[in-house]
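Colleague: Protein chains in written order, with the working numbering: chain A, 154 to 413; chain B, 287 to 616; chain C, 38 to 339.
Keep in mind that the hints were calculated from the coordinates and are not lab data.
Among these hints, one or two may not hold up.
Unchecked claim - Derived Cβ-Cβ restraints for the label pairs, each shown as a range:
| id | chain 1 | residue 1 | chain 2 | residue 2 | range |
| --- | --- | --- | --- | --- | --- |
| 1 | B | Val-581 | C | Ile-103 | 49 to 57 Å |
| 2 | B | Val-577 | A | Glu-313 | 43 to 51 Å |
| 3 | C | Ala-155 | B | Leu-538 | 32 to 40 Å |
| 4 | B | Arg-455 | C | Met-228 | 46 to 54 Å |
| 5 | B | Asn-515 | A | Glu-313 | 28 to 36 Å |
As the list claims (entries may be wrong) - If you want the ones that stay clear, here's a sample from chain B, every Cβ over 10 Å from chain C, calculated:
| id | residue |
| --- | --- |
| 6 | Ala-352 |
| 7 | Arg-389 |
| 8 | Trp-444 |
| 9 | Ser-569 |
| 10 | Trp-584 |
| 11 | Arg-594 |
As the list claims (entries may be wrong) - EDC-like, lysine to aspartate or glutamate: derived pairs with alpha carbons at most 16 Å apart:
| id | chain 1 | residue 1 | chain 2 | residue 2 |
| --- | --- | --- | --- | --- |
| 12 | A | Lys-216 | A | Glu-228 |
| 13 | A | Lys-280 | B | Glu-599 |
| 14 | A | Lys-280 | B | Glu-459 |
| 15 | A | Lys-266 | A | Glu-292 |
Since this is a predicted model, take the numbers as computed values, not measurements.
A virtual CB, placed ideally from N, CA and C, is assigned to each residue, including glycine.
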Amino acid sequence: MSQVSEATGTICLEIRGLICNFGGVRAVTGADFSVACGQLTALVGPNGAGKSTVLNAIAGAVKPTAGSIRYRGEEIAGLAPHEAARRGIIRTFQVSSQFSRLTVLENLLVGAKGQRGASVLQALRGKRSWRDSEMELVERGRQLLERFGLRATENQYAGELSGGQRRMVEIMRALMADPDVLLLDEPFAGVNPTLARRVEEQLSAIREMGITTLMVEHELAAVERLSDSVVVMTVGSVLARGSMANMRSNPDVVAAYLGA
Amino acid sequence: MSGAWVFYGLTLLTFLGVNVIACWALDLQFGTAGLLNFGFILFQAAGAYTVALLSLGAPQAGGYQAYFFGTTLPWPLPWIAAMAVGGALAFVTGIFVMGPRRRDYQAIAMLIVSIMVYTVVSNEPRLLNGTSGLSGIPQLFQKLGLVSYGWVYAGITWALVALVYVLVRRIRESPWGRLLRAARENRTAAESLGFNVRKESLIIYVIGGMLAALSGAVLVQFLSAWAPNSWQYAETFVYLTAIVVGGTGSTLGVVLGTLLIQTVVVEGVTFYPGFAAPDLVASLQWITISVLVIVFLWWRPRGILPERKHRFEEGKPQTASSAVVDRLDK
Amino acid sequence: MNTIVEACGFGLFDAAILALAAVGFTLQFGASNVFNLAYVAVMTACAFIAYWLTATVGLDPWLALIVAGFAGSVLSSAMYFGLYGPFVRRGAGPFVVVMVSLSLLLILTYVLEILFGAGYFSLNFGLSGRVAIGALVWSQLEVVIMCVGASCVLLLHLFLRYTRVGKMVRATAGDADLARNCGVDTRKVMMLVWLLSGFLCGISGVLYALDTTVFSFDSSGDFLLLVFAAAALGGVGEVYGALLGALCIGLATELTAIVLPGLKEVAAFGLLLVVLLVRPGGLLSTGRAVEEEAQEAGAATW
Numbered sequence: 154m155s156q157v158s159e160a161t162g163t164i165c166l167e168i169r170g171l172i173c174n175f176g177g178v179r180a181v182t183g184a185d186f187s188v189a190c191g192q193l194t195a196l197v198g199p200n201g202a203g204k205s206t207v208l209n210a211i212a213g214a215v216k217p218t219a220g221s222i223r224y225r226g227e228e229i230a231g232l233a234p235h236e237a238a239r240r241g242i243i244r245t246f247q248v249s250s251q252f253s254r255l256t257v258l259e260n261l262l263v264g265a266k267g268q269r270g271a272s273v274l275q276a277l278r279g280k281r282s283w284r285d286s287e288m289e290l291v292e293r294g295r296q297l298l299e300r301f302g303l304r305a306t307e308n309q310y311a312g313e314l315s316g317g318q319r320r321m322v323e324i325m326r327a328l329m330a331d332p333d334v335l336l337l338d339e340p341f342a343g344v345n346p347t348l349a350r351r352v353e354e355q356l357s358a359i360r361e362m363g364i365t366t367l368m369v370e371h372e373l374a375a376v377e378r379l380s381d382s383v384v385v386m387t388v389g390s391v392l393a394r395g396s397m398a399n400m401r402s403n404p405d406v407v408a409a410y411l412g413a
Numbered sequence: 287m288s289g290a291w292v293f294y295g296l297t298l299l300t301f302l303g304v305n306v307i308a309c310w311a312l313d314l315q316f317g318t319a320g321l322l323n324f325g326f327i328l329f330q331a332a333g334a335y336t337v338a339l340l341s342l343g344a345p346q347a348g349g350y351q352a353y354f355f356g357t358t359l360p361w362p363l364p365w366i367a368a369m370a371v372g373g374a375l376a377f378v379t380g381i382f383v384m385g386p387r388r389r390d391y392q393a394i395a396m397l398i399v400s401i402m403v404y405t406v407v408s409n410e411p412r413l414l415n416g417t418s419g420l421s422g423i424p425q426l427f428q429k430l431g432l433v434s435y436g437w438v439y440a441g442i443t444w445a446l447v448a449l450v451y452v453l454v455r456r457i458r459e460s461p462w463g464r465l466l467r468a469a470r471e472n473r474t475a476a477e478s479l480g481f482n483v484r485k486e487s488l489i490i491y492v493i494g495g496m497l498a499a500l501s502g503a504v505l506v507q508f509l510s511a512w513a514p515n516s517w518q519y520a521e522t523f524v525y526l527t528a529i530v531v532g533g534t535g536s537t538l539g540v541v542l543g544t545l546l547i548q549t550v551v552v553e554g555v556t557f558y559p560g561f562a563a564p565d566l567v568a569s570l571q572w573i574t575i576s577v578l579v580i581v582f583l584w585w586r587p588r589g590i591l592p593e594r595k596h597r598f599e600e601g602k603p604q605t606a607s608s609a610v611v612d613r614l615d616k
Numbered sequence: 038m039n040t041i042v043e044a045c046g047f048g049l050f051d052a053a054i055l056a057l058a059a060v061g062f063t064l065q066f067g068a069s070n071v072f073n074l075a076y077v078a079v080m081t082a083c084a085f086i087a088y089w090l091t092a093t094v095g096l097d098p099w100l101a102l103i104v105a106g107f108a109g110s111v112l113s114s115a116m117y118f119g120l121y122g123p124f125v126r127r128g129a130g131p132f133v134v135v136m137v138s139l140s141l142l143l144i145l146t147y148v149l150e151i152l153f154g155a156g157y158f159s160l161n162f163g164l165s166g167r168v169a170i171g172a173l174v175w176s177q178l179e180v181v182i183m184c185v186g187a188s189c190v191l192l193l194h195l196f197l198r199y200t201r202v203g204k205m206v207r208a209t210a211g212d213a214d215l216a217r218n219c220g221v222d223t224r225k226v227m228m229l230v231w232l233l234s235g236f237l238c239g240i241s242g243v244l245y246a247l248d249t250t251v252f253s254f255d256s257s258g259d260f261l262l263l264v265f266a267a268a269a270l271g272g273v274g275e276v277y278g279a280l281l282g283a284l285c286i287g288l289a290t291e292l293t294a295i296v297l298p299g300l301k302e303v304a305a306f307g308l309l310l311v312v313l314l315v316r317p318g319g320l321l322s323t324g325r326a327v328e329e330e331a332q333e334a335g336a337a338t339w
């Protein structure tokens, strides 16, 4: 069970000197920043700045060429995605990544932490050994669905949902995994204004829960409303850090956005 | 009914049992975990050869068949050994093949492995007696008459089918089964939620290999002989057809598909009047099966009895607490 | 030493035939992303057509060769536009397509058996006599085959390199999406690719039949893996890679035959396995493509 015990202000994630080269592209050329525990930090910047790559590196989807990523003091650079997830680092994807031929409720259960029956030996012991644990998780899932207004879709195949609904299911799925750090990859990408409001509600709720979050995003208005602090990247490295207000008045930042 | 017809019926029943076990094995790999294995027949062959080698006794110098190793073990040890060999083979091939890569490459890599082994075994008679294969495998029980033996063997086969059914059901219904299905749908997303797809896929692959080998063991002890032409690469395709037609990912669908393919196509074509020549029959079987696959992949890719949607029961009203939701409502 | 030189000679010869087949296959695979297992069955079918034309109809062998090539074009295009194309447009993932291709392979093979029976046939172009070039002695037949193979390769090279259409074909085979984004009418090019590769398929099938003493409805199995191995070594859609791959496979199999006579194909199989698993982009690529393709493939459903 994750704890909201980290005092806000302590550092949860620390990125130092991160360099990622692949396929001949220097996507990240030396990024340095920290993510404070219990806060929502936004990672912004023009296209090609390397934001998604940084997120991927933290999540283990990309192996850094050099540099360090420390999570609660442990070096996690180069871990495989499932190993990062096991440590409580849960991510969402820019392109909707649901499990199409599983129902919405099943989608939520895939991520659930501490499920009995999730290994081959436990499965072979039969239904009685994992039934109660599953029902608990089903309840939890249903409550989440209820909270975000998607209870009616419980038994639909995830592949049949609209894009926006899928986006929300993915966020709920991440919540079911009891994340210690939540990595959001452009949650507002391609989302229409009505839906954007609901996604923002979701994220606002997450923020109130005190889950450490790092959000890559282009939609700056939402970023302003949701984030506690902002990191601006451009051409592979960090340009500036601080509050949104500071960023607005920082001439380098403005130039980077306008020049992009 | 004459004894010959009864025996024929029992033979079909035994074959059906063997094929159902094999198809469930293939479906665990393909329908549940999404691993396409075009070399599947190799695992059945491995099981069959293991039983042969462990029942024929040591190879005789100058004997009528040559093989590299042999001994005689009491039943059911050869069958258990067969499962171990099938599992080991699956483990070794799985390590190399089941990485993150296109599924058609995975499938074809396994196809190549099965053809390679086929070539080596056929061309090197000292290993497993080459193209002639091994024969003279002793029956399980010596003292029974033909029909009685048929009944007993069919009984053993279907007892095994029942056991395998329990195993397959437990895996499919479990959270582990759900995780495998998720990995089938979207490998990256499953990994991002903490599921070690590579390791768990390997496990289900090994289980599939063990069950396939078991089917080979049961089959070979019934047939008393086993040669390369029983396990040409196209045989995998017959099993694939059965699960595609019946319904991948569905335990009963697979049984239905196996029944249909075995009786209607394989046996049924032999009865068609006018097509007496054995070559012609075989050709028609292959053509029918292939056309069936294409038709089903186009019109009903999920099969006749597709994988059912998993609904959860309505639980008790909200007594379960949920840390996540509680925090939301603070 | 002499055996090695001899083996190289054989290797070159095998490579010449294999080159045509491999190039055709890789064009298809590269342009349409279809792993067409039935390709080798079309090769066999065209060999049978050439046989029927020369033995039964009494057509001039060289004409029969050309007609067989066109038959290959027709068959291949029919398979793509009648079957693969519709499946791909429906969103079928690579493993549905490869299952369809395996079905087609079996259908073609067994239709051939029904039509021609299970016996062995041989193609006779009326060539005999030997020719000596340096230390290598070849039969007239072998020289002719090599010349046909080499001239086809040369013509192909000229077409792909120096004509506008040829360049579009090469671009589409290398990266169809990119070609489309650059304004190439990929639908028309696709048609041309399947016609052209079908022709190469047919010609190479006839050459193969000429080379082996006898062939039957089942011969597809003999060159199935050699063709894929050569194409895979060269990289998907890379024509010159396929030529290089054919050379490698030709030499590798013949050199292996010196040591392990019955198992010379095993070398080719082993190479193909290594490529499929370690370097799916071909010998000259990096391993990167694996991950990306896997992500895409993972997202595609049935």
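Colleague: Hint by hint, note whether the structure agrees.
Modeller: Hints, verified against the model:
1. B:Val-581 with C:Ile-103: 49 to 57 Å: For B:Val-581 and C:Ile-103 the Cβ distance comes to about 35 Å; the hint is violated.
2. B:Val-577 with A:Glu-313: 43 to 51 Å: Cβ of B:Val-577 to Cβ of A:Glu-313: about 31 Å, so the range 43 to 51 Å is violated.
3. C:Ala-155 with B:Leu-538: 32 to 40 Å: With Cβ atoms ~39 Å apart, the hint holds.
4. B:Arg-455 with C:Met-228: 46 to 54 Å: Because 49 Å falls inside the window, the suggested range holds.
5. B:Asn-515 with A:Glu-313: 28 to 36 Å: Taking Cβ atoms as reference, B:Asn-515 and A:Glu-313 lie about 47 Å apart, which means the hint is violated.
6. Ala-352: holds (15 Å)
7. Arg-389: violated (4 Å)
8. Trp-444: Correct as stated: the minimum Cβ-Cβ distance to chain C is 30 Å, above 10 Å.
9. Ser-569: violated (4 Å)
10. Trp-584: violated (7 Å)
11. Arg-594: At about 16 Å from chain C, B:Arg-594 clears the 10 Å cut-off, so the statement holds.
12. A:Lys-216 with A:Glu-228: OK: A:Lys-216 and A:Glu-228 at ~13 Å, within 16 Å.
13. A:Lys-280 with B:Glu-599: Answer holds: A:Lys-280 to B:Glu-599 is near 14 Å, not above 16 Å.
14. A:Lys-280 with B:Glu-459: Distance ~8 Å between A:Lys-280 and B:Glu-459 Cα, so the pair holds.
15. A:Lys-266 with A:Glu-292: holds (14 Å)
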